[in-house]
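For this one, chain E is given, so just place chains F, H and R on it according to the hints.
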Amino acid sequence: MEKKISEIISELKEKFPQIKTSEETISVSTEDLLGLMQELKNSFGFNYLTNLTAADYPADAKGKGDGNEDEDDGEMEIVYNLTSVYEKLYLTVKARVSRKNPEIPSVFPVWGGANWQEREVYDLFGIVFTDHPNLKRILLTDNFEGYPLRKDYQWVGGRK
Amino acid sequence: MLENLFTNIAGLLRNLLDSAGVPPLWNDVTLLVVKLVAILVFILINALWLVLMERKVAGYMQARIGPNRVGPWGLLQTTCDIGKLISKEIPIPKSADKILFLLAPALVFVPPLMIFAAIPFGKDMVALDLNIGLFYVFALASLTTIIFWMGGWGSNNKYSLLGSMRVVAQMVSYELPMILSVLGVIMLVGSMNLTEIIAAQQNMWFIVTQPIAFLIFFIAAVAECNRTPFDLVEGESEIINGPYTEYGGMGFAMFFLAEYASIMIISAMATTIFLGGWLAPFGLTFIPSWLWFFLKMYVLIFVVMWFRWTFPRIRVDQLMGFGWKILVPLSLANVFVTGIGMYIYRAIGW
Amino acid sequence: MLRTETYTMNFGPQHPATHGVFQVVLTLDGEKIVKAEPVCGYLHRGIEKLAESRTYQQVIPYTDRMDYLASMLQNWGYVMAVEKLMGLEVPERAEYLRVISGELSRLASHVLATGVYALDVGGFTGFLLCFRERERMMDLLEELTGSRMTFSYARFGGVADDAPEGWLEKLDKLMDDMPGYIDEYDGLITGNEIFQARTKQVGGLSPETAIDYSLSGPVLRGSGINYDLRKAKPYSIYDRFDFEVPVGKNGDCFDRYFCRVREMRQSVRIIKQAIEQIKEIDGPIKGKVPKALKPPKGDAYAEIESSKGILGFYVVSDGTNKPHRVHVRRPSFINLGYLDEMSRGWLIADLVAILGSIDIVLGEVDC
Amino acid sequence: MFGNGLIKGLRITWKEFTSKKFTVQYPEEQHTKPERFHGRFVFDADKCIACNLCANACPNNVIELKSEKVEKKKFLTKYVMNIEYCLFCGMCVEACNKDAINFSLEHDMSQYNYDAIPLILVEREAPKPEPKPEEATPEASGEKAEPKVKGKGKQKEETPAASADKSASDEVAAGKAPEKEGQ
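Protein chains in written order, with our numbering: chain E, 1 to 160; chain F, 1 to 350; chain H, 1 to 367; chain R, 1 to 183.
Excised from the complex, chain E in its bound form (with noise of 0.2 Å):
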């Protein structure tokens, strides 16, 4: 098993040269995501995306609250874990978006099970998702302002 996956990274490594991976993960820029797992769904077999979600690393909070935040705010990483369901094979897929401009191509196109995962890390995160067909908050409500998963995310209220 370990070794199909090796071989499907490496076929995948000549045919996008960009990608970095380590043993079961691939990093993609945004701009070869789609047709990355394109290829992946159609190629190799994963036609289950079994988990999307989203992790935040901002930047070190040192230039911030002055006004003039500089370029790097940090990222946000999307993480894709792909699972071929007749070959019992695993990957995963992560690619980084900036948290200034966080907009990455929508896989549901690809994957239908991507629809309300994309949703919910939009409504948590506020990563926007193009091309999504329905892209509304899903868990909070549709008036909640900010991002609550997001590392600055203030909240006020709770218990006393």
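FYI, nobody ran anything at the bench for these hints, they're computed from the structure.
This structure is a prediction, so every number in the text was calculated from the model and none was measured.
Yeah, the Cβ is synthetic: ideal placement off N, Cα and C, and Gly gets one too.
Careful, some of the hints might be misleading.
Straight-line C-alpha distance at most 20 Å; calculated SDA-like pairs for lysine to any residue [stated by the list, open to error]:
(1) H:K32 <-> H:T8
(2) H:K173 <-> R:P34
(3) R:K73 <-> R:L105
(4) H:K297 <-> E:G126
(5) R:K21 <-> F:P67
(6) H:K291 <-> R:N97
(7) H:K286 <-> R:N97
(8) R:K21 <-> F:A96
(9) R:K15 <-> F:G59
(10) E:K100 <-> E:E87
Chain E stretches covered by chain H per the calculated footprint, using a threshold of three residues with CB under 8 Å from any CB of chain H [what the hints assert, rightly or not]:
(11) 32-39
(12) 86-94
(13) 102-108
(14) 139-147
Using the frame of chain E, we list chains F, H and R on its own:
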């Protein structure tokens, strides 16, 4: 002694009035009123206890024991419940049609009461001995439809509306097989008088000669009083509580009790038509006739409850399909077969 | 000229058949569903955010509160992710206890799902009879963990407590009785013609769509896909047990339901084998784990087969004693994503059947 | 044949109808609670060394613990559990090295008034062989209403020794949420 308990009481009352010098016409009227009031009280109290019986049956079938705290064995549980419901406000939704909304629970007990007036409870125990008894009973039974519809429409709630739509569809389509199934019995008896129908079962109950008719009648009757598996009207997992969704307090209680009144009616009707009414089977006449009637009626009520706590709910289109595609043709076939049978029997001179 | 119009109706959030606070905004044509828009989030407590301000250990009780019907499995999933992150070893006896308690929890969840499904289609008795058995299971779990629903039993590198004296024997006895109970459900619910009429050919789901929409658990297997993580990627010690993965044929509500019923029998099998095997294993129930847990920087994603489907935990560590990020792949949430398409064209009554066959837990959907 | 399943169902419910019932008549008879039952907390003040481990293990900041220093030993003056926030997860019991806090089998913890909910396990004055002027005791009663995080900070100011000589001082920091997060 016990056999003629109620007729004796009636006779006593009549004599009393006679001796007081009341003219015979007024005497009759008074007696009728007394009978009707007695029936009303009987229905109300019975409905009250049937609720308890249902809860007990449900409990026992579900490995628990049901209400047992209020009164001995929980006998006063529903009485207390009704007391609580009476003391509650009846909330009227803002956009409801107030007249219809309030009229429906007030009227819901009228058809059961009127039906019961015509049912013979025992030997010579019938308030209204009508020539067209059966016809009268069915005509009144279908009146309930309108009352449910009034409640559902008057509530101005989508769930209520859906529920009352279902009521109308269901009752109208199950009325037909019910009446058709009884047609066989009417053919055999040659009369629609309920007393005569019972008398015709002296030798053999109609459940033996008309088993399919009984089955159809019973199924249709269960559907008629909106009981599981045909309780789509209130199907609580789908449309909350159907026409009674918006009702609270006594309004709800009236509908709730009316359901039990209608179970009593269908059981009483099935008893009268198919189970020989108050006739004692196997010559066991030492038990009074009215007790036999109630015994049979309560067995049927138990069966209805047994159904409820066993079966899931059927879907609305399946309900319609079942009614129109299976029950109606089957009951027509039953009428046909009965006709042929009668012809053959007459031909061989039975 | 007859003119008909569609209308919208709120199905929930307070509705007996939504299994909690969940809303479906229905667009109806008569009783037929034109569109069903699920609205969730009424129970959103922000557990993922809360986890970021708790230490690794302190997150465990919060995982209980997600799928509160099978919280043992939730604990297990989270603990497994952190163990993967830290490379912790779990002693064998602890693994067995996890399997036993996890399968018991799955059994309890499935029993409840079966009963609730019966209730959804109108059979109340099945519901309460199922609760009778669930009660016995919860009593056992209470004896093991001290709580009836929110167990917090798993610990990093082990479990909280060993099985008390005589517990395994009691469990064994329950497992002996269980097939009889399941036969009862089969007689009362599964075999009932009305139940079958309500569920067969309803809410069909093709295997392709099931995979495409990332559905998992009995919903996926009901469509005929043999994908159970316990077999596909045997985690813990599942490779030591002999069991089958029940799959459906048509992918309708009945198949999804029936998968669950058959899975119960397999769970019983697993527990019986585990009880047999654990008797020979003596040893610690907790591995060597530092009290102040500070996993190395990095991330880990671990998934287990929960009673509802694939339950995944994605944990990111930044080297401190609090997780940087915890994400839960909640099977109920993702299974619900296909509800709209699945229920279109069916009646309201079928929506209830479909929703029940997915077996959602709102605590998990909303997280 | 159609109807077999229906009849089988009726048979099963009939069997249940006549078989033994499962109900436990609650106030008169009660379930036997297992040994590990997570019930009301019991606290042995004599065993407690006010090490704060329980308070830090708690995921929900339920435990409010105060101590004063008396003759180089910490003396527990207040131990209150804001039980309305308690998850009954047992982390505190597990964390306690001295077996001071434990679960009892008592499960009935409901109260009529909100004020009665917090479980006051210990509330006492420190013995005063040598009076300590800097210790401000009257604050103890007003503490409850204030935010947790703040309260904790204050506690540190007042009793600097509370968390100082601690073997597991890193765990003290562990339980405290960053202030921006809220609770």
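Hints, verified against the model:
{"no.": "1", "hint": "H:K32 <-> H:T8", "verdict": "11 Å, holds"}
{"no.": "2", "hint": "H:K173 <-> R:P34", "verdict": "18 Å, holds"}
{"no.": "3", "hint": "R:K73 <-> R:L105", "verdict": "32 Å, violated"}
{"no.": "4", "hint": "H:K297 <-> E:G126", "verdict": "25 Å, violated"}
{"no.": "5", "hint": "R:K21 <-> F:P67", "verdict": "13 Å, holds"}
{"no.": "6", "hint": "H:K291 <-> R:N97", "verdict": "12 Å, holds"}
{"no.": "7", "hint": "H:K286 <-> R:N97", "verdict": "17 Å, holds"}
{"no.": "8", "hint": "R:K21 <-> F:A96", "verdict": "45 Å, violated"}
{"no.": "9", "hint": "R:K15 <-> F:G59", "verdict": "13 Å, holds"}
{"no.": "10", "hint": "E:K100 <-> E:E87", "verdict": "39 Å, violated"}
{"no.": "11", "hint": "32-39", "verdict": "violated (count 0)"}
{"no.": "12", "hint": "86-94", "verdict": "holds (count 3)"}
{"no.": "13", "hint": "102-108", "verdict": "violated (count 0)"}
{"no.": "14", "hint": "139-147", "verdict": "holds (count 3)"}
Figure legend: structure checked against the earlier numbered hints; hints not met, in rising order: 3, 4, 8, 10, 11 and 13.
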